[in-house]
Amino acid sequence: MTRKQKRLSVIIAGLAFLGAAAGLTFYALGQKASYFYMPADLATATVQPGQRIRLGGLVEKGTIVRSQGATVAFSVTDTQKSVKVTYTGILPDLFREEQGVITEGAFGPDGVFVADSVLAKHDERYMPKEVADGLKAKGVWQESKSQ
Amino acid sequence: MVETGHFALVLAFALSLVQMLLPLVGARSGNRRLMAVGGPVAVTGFALTALSFAALAGAYAGSDFSVANVWENSHSLQPMIYKITGTWGNHEGSMLLWVLILTFFGALVAVFGSNLPETLKANVLAVQGTIGAAFFLFILTTSNPFIRLNPAPIEGRDLNPVLQDLGLAIHPPLLYLGYVGFSICFSFSVAALIEGRIDASWARWVRPWTLVAWMFLTGGIAMGSYWAYYELGWGGFWFWDPVENASFMPWLAGTALLHSAIVMEKRSALKIWTLLLAILTFSLSLLGTFLVRSGVLTSVHAFATDPARGVFILCILTLFIGGSLALFALRASRLTAGGLFHPISREGALVLNNLFLTTATATVLVGTLYPLVLEATTGGKISVGAPFFDLTFGPLMLPLLAIVPFGPLLAWKRGDILAASQRLMAAFALAIAAMLVAGLFIDGGSVFAALGVGLAVWLVAGALTDLAVKSGVGSVTPAVMLRRFAGLPRSVFGTALAHLGLGLTLLGIVGTLSFGTEKILTMRAGETVDLSGHTLRFEGLFPRKGPNFTEDRGRFLLISNGNADGEITSAKRFYPARQTVTTESGIRTLGLSQLYLSLGDEGKDGSVVVRLWWKPLVTLIWGGGLVMMGGAAMSLLDRRLRVGAPARRRKPAAAAASASPT
Chain C
0 MTRKQKRLSV
10 IIAGLAFLGA
20 AAGLTFYALG
30 QKASYFYMPA
40 DLATATVQPG
50 QRIRLGGLVE
60 KGTIVRSQGA
70 TVAFSVTDTQ
80 KSVKVTYTGI
90 LPDLFREEQG
100 VITEGAFGPD
110 GVFVADSVLA
120 KHDERYMPKE
130 VADGLKAKGV
140 WQESKSQ
Chain E
0 MVETGHFALV
10 LAFALSLVQM
20 LLPLVGARSG
30 NRRLMAVGGP
40 VAVTGFALTA
50 LSFAALAGAY
60 AGSDFSVANV
70 WENSHSLQPM
80 IYKITGTWGN
90 HEGSMLLWVL
100 ILTFFGALVA
110 VFGSNLPETL
120 KANVLAVQGT
130 IGAAFFLFIL
140 TTSNPFIRLN
150 PAPIEGRDLN
160 PVLQDLGLAI
170 HPPLLYLGYV
180 GFSICFSFSV
190 AALIEGRIDA
200 SWARWVRPWT
210 LVAWMFLTGG
220 IAMGSYWAYY
230 ELGWGGFWFW
240 DPVENASFMP
250 WLAGTALLHS
260 AIVMEKRSAL
270 KIWTLLLAIL
280 TFSLSLLGTF
290 LVRSGVLTSV
300 HAFATDPARG
310 VFILCILTLF
320 IGGSLALFAL
330 RASRLTAGGL
340 FHPISREGAL
350 VLNNLFLTTA
360 TATVLVGTLY
370 PLVLEATTGG
380 KISVGAPFFD
390 LTFGPLMLPL
400 LAIVPFGPLL
410 AWKRGDILAA
420 SQRLMAAFAL
430 AIAAMLVAGL
440 FIDGGSVFAA
450 LGVGLAVWLV
460 AGALTDLAVK
470 SGVGSVTPAV
480 MLRRFAGLPR
490 SVFGTALAHL
500 GLGLTLLGIV
510 GTLSFGTEKI
520 LTMRAGETVD
530 LSGHTLRFEG
540 LFPRKGPNFT
550 EDRGRFLLIS
560 NGNADGEITS
570 AKRFYPARQT
580 VTTESGIRTL
590 GLSQLYLSLG
600 DEGKDGSVVV
610 RLWWKPLVTL
620 IWGGGLVMMG
630 GAAMSLLDRR
640 LRVGAPARRR
650 KPAAAAASAS
660 PT
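Chains as they are written, first to last, in numbering that gives the first Met the number 0: chain C, 0 to 146; chain E, 0 to 661.
There may be inaccurate statements among the hints.
Part of the chain C face toward chain E, derived, beta carbon under 8 Å [as the list claims (entries may be wrong)]: (1) K3; (2) L7; (3) A20; (4) L23; (5) T24; (6) A27; (7) L28; (8) S33; (9) F35; (10) R53; (11) T87; (12) I89; (13) L90.
Here chain C is said to cover these stretches of chain E; the calculated rule only asks that three of the stretch's residues, wherever they fall, bring their Cβ under 8 Å from a Cβ of chain C [what the hints assert, rightly or not]: (14) 478–487; (15) 519–529.
I should point out that these hints are in silico values taken from the structure, not numbers from a laboratory.
Since the model is a prediction, treat every value here as computed from it, not as a measurement.
Here a beta-carbon is modelled for each residue, glycine too, at the ideal position from N, C-alpha and C.
Given the sequences, and given the hints that come with them, work out the whole structure.
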């Protein structure tokens, strides 16, 4: 091979490698990214049972039920609709009624959202950003509450 | 005192403007007196920034709540160590630490750069001054830590309790030393582009700086990971959180730079690529600063959100990344391409390393920025987490890790892959054996576990093989072998240690993920629980009062072979100043593994939710990081870097002449 051919083959191999990596990246973005929804969004969006999503909103007042063991049931609401959630594990320290949370998991066949992680903001001054934005969009955000 | 600090900061900004302009003009017009201004100005600028930082730290130590920043982030009852570390536990203070380290590195170049060609030194200091000027202006206009309150409040609002930890004393300074350390490599690259040539001293200078920055960044990331592990109470060591990725991207690019700089120094090949990589690495550091400090991400690191700050940092980002890349596009063709090599050679292996590492950096970049771009363009909100990175980053790392042991065994220019393979036979056999044991004989063994353990052992054994081969094991007498071993260049040890540390970290990750066990249950006082052969008895919750918090400590007795073997305590802490609850996890290290437990909510019947983990080999994750740091330190001690530098001073004219473009 001449020097030019050699260089060309190296460049082609490099591009093929980058192309494969890029393809994999976009496939993974389509398959593995989880979308964020608030309860009212679920009426319009089609979310299959078993599909991983993140569900955010406020913990509805009076819905926290601690059953036997470490499983907790509660409802997440955006003041328009609410969704039942169950979670087994340790809730974050800032988890309480009317506090903004983001839960991640999937709907079970019975329509209850089974979360495998629950996030509440560590600093009590803030809501999770997605939840605050969503509540603002729905017109139920009170600025005074945020700071 | 606080006003002194403020004044010093303004002076430092003014000096950074001088440092930005005069040496640059001097270098262009050949005016030696203008060029000579850079050094003293850089040192004075550092002294003023240090004074400014000390003034703020003093206000924190003395709980001077008339300073708004102190009032917002400190409390008179905090222990002294958290009062002081609170200085950088907030946006304004951490930016001040950022510029302090930036000017520190600039001063180091000024002091130790006497053997640099005059114009190169002047240009490097000018670029460093430009970065400083931008960030000083940012602090003074949008993030001033010295603003007073009148009337002064009596009590402060306390530091975020999550940050009231020794981790805050170690993690940010180490991370910034790494992040900002790459600014030197950036400045050298831009200076080389301004001059339109890369001379011999360039590569010799950039490599040690890369090593220093990489060493600190490694430590910063490892320390941050361990801090999150024990402080958040989730038992995870890496969350693929955008903030973590922000520090991981410069690390990946910096690792690539470290390797390409070797090729450049030894063989003067890959010059243009190394230069580009140095620019990209610091650009990723700036991007990380933007992601963390602008408030586009919500996390414990985003102390406050202020749109003006985000826009300002975005401007800095655009200016430096855009400017340096434009300069690169204009000038790179002037630089001479370097030596030739066969694909199978040390250079070839290092190029392959760079290909994998930069592609991996790109996948992390896409995964980190895509959600932000999507939200800005369509308003859709997605999160990209572990499943994405497992599918993209993982497949890139596996082949890279598999070829690591070959690299150091290949010769420069043209290597012999068969000979290298023969030498690695023992390591390969060991890796296969480990793979079989992990896959077949240990509970929880899976294909992933077997592959991971095999790779980790392969890396460790490969690193040791390199040392053994280079000291002539098997071909010379033991006495000669020992002498050779002791006489090996420090950089050979550095390489072996760094690769060995990588293997240890991998072993820790695979061990924890594959063979760890976890239990969540409710416990009453007196109950016991078994976890992977360990028995724990819950003794109950005991209230206790700390300096600025109250806590309920859950005490657990570890029982080994029927005998009490010490206590593990996990606590729920309440900080009244911020009305915040935090969980302090309980950790007991047993050999290289850890028992980890964290308390949940207390039930009405006096029972408590407890989450327990058995994390085998988990300490190796961070231990491996320390070994990697040790490798970098060892490389820095290499004779070539210590003794070589002054030796060049005798013939600067000759070096400059030989390096000029032909």
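Hint check: is the beta carbon of A27(C) less than 8 Å from a beta carbon of chain E? Holds. Min distance 4 Å.
With a cut-off of 8 Å between beta carbons, are at least three residues of the region 478–487 of chain E near chain C? violated (count 0)
Measuring from the C-beta of A20(C) to each C-beta in chain E, is the shortest one below 8 Å? holds (5 Å)
Per the CB criterion, is L23(C) less than 8 Å away from chain E? Check passed: Cβ of L23(C) comes within 6 Å of chain E, closer than 8 Å.
Less than 8 Å between beta-carbons is the criterion; does I89(C) satisfy it with respect to chain E? With Cβ-Cβ at 4 Å, under 8 Å, it holds.
Tell me if the interface restraint on L28(C) is satisfied: Cβ within less than 8 Å of some Cβ in chain E. L28(C) check passes; min Cβ-Cβ to chain E is 6 Å, inside 8 Å.
With a C-beta cutoff of 8 Å, work out whether three or more residues of the region 519–529 of chain E approach chain C closely enough for the coverage to hold. Contact hint for the region 519–529 of chain E vs chain C: holds, 3 residues under 8 Å.
So, as I understand it, the hint says R53(C) touches chain E; can you test that by seeing if any CB pair is closer than 8 Å? holds (6 Å)
Closest C-beta approach of L90(C) to chain E relative to 8 Å, hint status: Check passed: Cβ of L90(C) comes within 6 Å of chain E, closer than 8 Å.
Does L7(C) pass the interface hint, meaning its C-beta sits closer than 8 Å to a C-beta of chain E? violated (14 Å)
Does K3(C) pass the interface check with chain E, least Cβ-Cβ distance below 8 Å? violated (13 Å)
Do the numbers back the hint for T24(C), that is, is its least Cβ distance to chain E under 8 Å? holds (5 Å)
Hints 1, 2, 14, counting from the list given before, are not met by this structure.
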